[in-house]
Amino acid sequence: MSASLSEMNELARRCRIEIVKMVYRAQAGHPGGSLSEIDLMAALYSTSLRVRPNEPDWADRDRFILSKGHASPGMYALLAEKGFIQHEDLKSYRVLGGVCQGHVDMNWCPGVDFSAGSLGMGLSFGIGCALAARLDGSQRRTFVMLGDGEIQEGSVWEAAMAATHHELGNLKVLLDRNRIQNDDFCEEQMRMFDIPAKWKAFGWNVMEIDGHDMEQIVDGINFLDTSNNGPSILIAHTVKGKGVSYMEDNPSFHGAAPNEEEYLLAMKELGAIE
Amino acid sequence: MSRLAATRDGYGQALLELAENSRVVVLEADLGKSTKSLHFRKAHPERTFSLGIGEQNMLLTAAGLASSGYIPFASTFAIFTERAFEQMRNGIARPKLAVHLCGSHGGTHTGTDGSSAQSIEDLAIYRTLPNVIVLHPSDDVSTRILTKQLAATKSPSYTRTARNKTPVLYDDVDPDTIQIGKGIELCKGNDVAIVACGVLVSESLEAAKLLMEQGIHATVIDMHTIKPLDVDLIDEVASRCGAIVTAEDHSVIGGLGGAVAEHLSGTSCTPLERVGVLDRFGESGQADEMLELMHLNAPHIVKAALRAIERK
Chain A
10 MSASLSEMNE
20 LARRCRIEIV
30 KMVYRAQAGH
40 PGGSLSEIDL
50 MAALYSTSLR
60 VRPNEPDWAD
70 RDRFILSKGH
80 ASPGMYALLA
90 EKGFIQHEDL
100 KSYRVLGGVC
110 QGHVDMNWCP
120 GVDFSAGSLG
130 MGLSFGIGCA
140 LAARLDGSQR
150 RTFVMLGDGE
160 IQEGSVWEAA
170 MAATHHELGN
180 LKVLLDRNRI
190 QNDDFCEEQM
200 RMFDIPAKWK
210 AFGWNVMEID
220 GHDMEQIVDG
230 INFLDTSNNG
240 PSILIAHTVK
250 GKGVSYMEDN
260 PSFHGAAPNE
270 EEYLLAMKEL
280 GAIE
Chain B
189 MSRLAATRDG
199 YGQALLELAE
209 NSRVVVLEAD
219 LGKSTKSLHF
229 RKAHPERTFS
239 LGIGEQNMLL
249 TAAGLASSGY
259 IPFASTFAIF
269 TERAFEQMRN
279 GIARPKLAVH
289 LCGSHGGTHT
299 GTDGSSAQSI
309 EDLAIYRTLP
319 NVIVLHPSDD
329 VSTRILTKQL
339 AATKSPSYTR
349 TARNKTPVLY
359 DDVDPDTIQI
369 GKGIELCKGN
379 DVAIVACGVL
389 VSESLEAAKL
399 LMEQGIHATV
409 IDMHTIKPLD
419 VDLIDEVASR
429 CGAIVTAEDH
439 SVIGGLGGAV
449 AEHLSGTSCT
459 PLERVGVLDR
469 FGESGQADEM
479 LELMHLNAPH
489 IVKAALRAIE
499 RK
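Those protein sequences? They're chains A and B, same order as listed. The first sequence begins at 10 in my numbering and counts up one residue at a time. The second sequence begins at 189 in my numbering and counts up one residue at a time.
Check each hint, because a few of them may be wrong.
[What the hints assert, rightly or not] Label-pair ranges, simulated between beta-carbon atoms:
| id | chain 1 | residue 1 | chain 2 | residue 2 | range |
| --- | --- | --- | --- | --- | --- |
| 1 | B | Pro233 | A | Glu64 | 30 to 38 Å |
| 2 | A | Glu16 | B | Ala231 | 46 to 54 Å |
| 3 | B | Asp420 | A | Lys209 | 57 to 65 Å |
| 4 | B | Thr316 | A | Phe194 | 32 to 40 Å |
[Unchecked claim] Chain B stretches covered by chain A per the calculated footprint, using a threshold of three residues with CB under 8 Å from any CB of chain A:
| id | segment |
| --- | --- |
| 5 | 273-287 |
| 6 | 462-473 |
[Unchecked claim] Calculated from the model, a selection of chain A residues having no Cβ within reach of chain B, i.e. all distances over 12 Å:
| id | residue |
| --- | --- |
| 7 | Leu144 |
| 8 | Glu167 |
| 9 | Met170 |
Honestly, the hints are just simulated from the structure, not real lab data. Positions of the beta carbon are idealized from the N, C-alpha and C atoms, including for glycine.
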């Protein structure tokens, strides 16, 4: 492992600061899902994902598809930390001509493998990437980050079925189970009942973890790395808005920016200011 | 015009001929026997992917393959491609991934399956998407040639083919005359220009013969590429003939007729009559019965030509 647990926690903390800054500057965007996903992504990029920041289009890189493309601040913060883009680029979030488009876009931002923004599309795209890797005889893997509200899209289940039909052991999903979607709690919008059982029934390898416990996250990524006999999904139980007290578990901060007072409080809580 | 064939057969043949390029892959959604990708599947099962009855997933799987350097050809019925329109829009056209989508069984000519299977809006919807090439070839030869050309383009595409057989037009033609984006002048006259696509090209040639009996000389153009539209040719025939008829087995809203009307509205006052499905759905019937019911066959194209000439 190339990074210690504390290093990865620290990386995620720095990303959280940038997430809140981006959304505050833009006075728009999606902080909640960015804050819930970021521990998973920080760990993935620090341990398992084989990518080259100075050669983002390297043909044999692992693919990372942020299917929940609205949670782009998390991805941009991490791409800046890893050197795919400059920290200065983060100021271009939602700004005309900026590499940091509102939703992640492969034609605008280095290190982005799929132009997301419309939910339910990333897993299908990942199947194509995984089939291509197999045709190429390559060991590269495809990782897809799904949101939990997102799996209400029917085509996700077309993809779930196709992934096992084609026996895609090189396809790995991380599910950000933060229990909140745009309008409200998932439980209110569309109850999904036993999510792990659904994926198991589709033939997937399934593991559940606490998506904010770095030790469990590392174990979960190891599960994805070593489960190659079919597609695998790591269901990470997370807290929407994790790390900022008033955003935590609060549907209002799925897609809303903090005001100045809230912003300063967030910076304090995240250790950016005294 | 001795030989009859269906354009979907040209698509199937093209895939076979493209197979020597190892980057070409084929995707199916349980209709490969109908769209004719089955020949490729038989010859190259390792490069053919079944996605089951799941068009949305099929299109984005194709997008993933395209992003990894492959040249995917995905097909299903024209009508079922429409279910995946947003995948085509957001996952393919927007990032400009060269996925080639073929919708077979387009138009009311599809026949007895009835209105649920007769796409009359596919050309219109795909034409609205930036970056997307839209084709509707008229015979199996041109379908084969144009499909093969798609493999060399960097743009995504939508190609409509037809289920039923129509006269073959290009058996003896130099293949180089058939190029994406270039309309083909099949006969030349200076009284009216009939701009047609798909199964109505042969009907338009028949209409030109009927007009000739009345002493009217018609130009007939096979406008197999709906987008990018060959606007130079449109302008040329508008200027030379002074009256234009468009003909398509598709809604009069938004297809070839819509494209030509949009262009002409900015360049000339040439009278334009659009032959197409008049904002209604089809029903079960034989192909020739459908063309008559929908007022799409040669006699109706003649009537439209006379109306256009009258308006000069």
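Worksheet item: Can you list which hints this structure breaks, lowest number first?
Response: 6, 7, 8, 9
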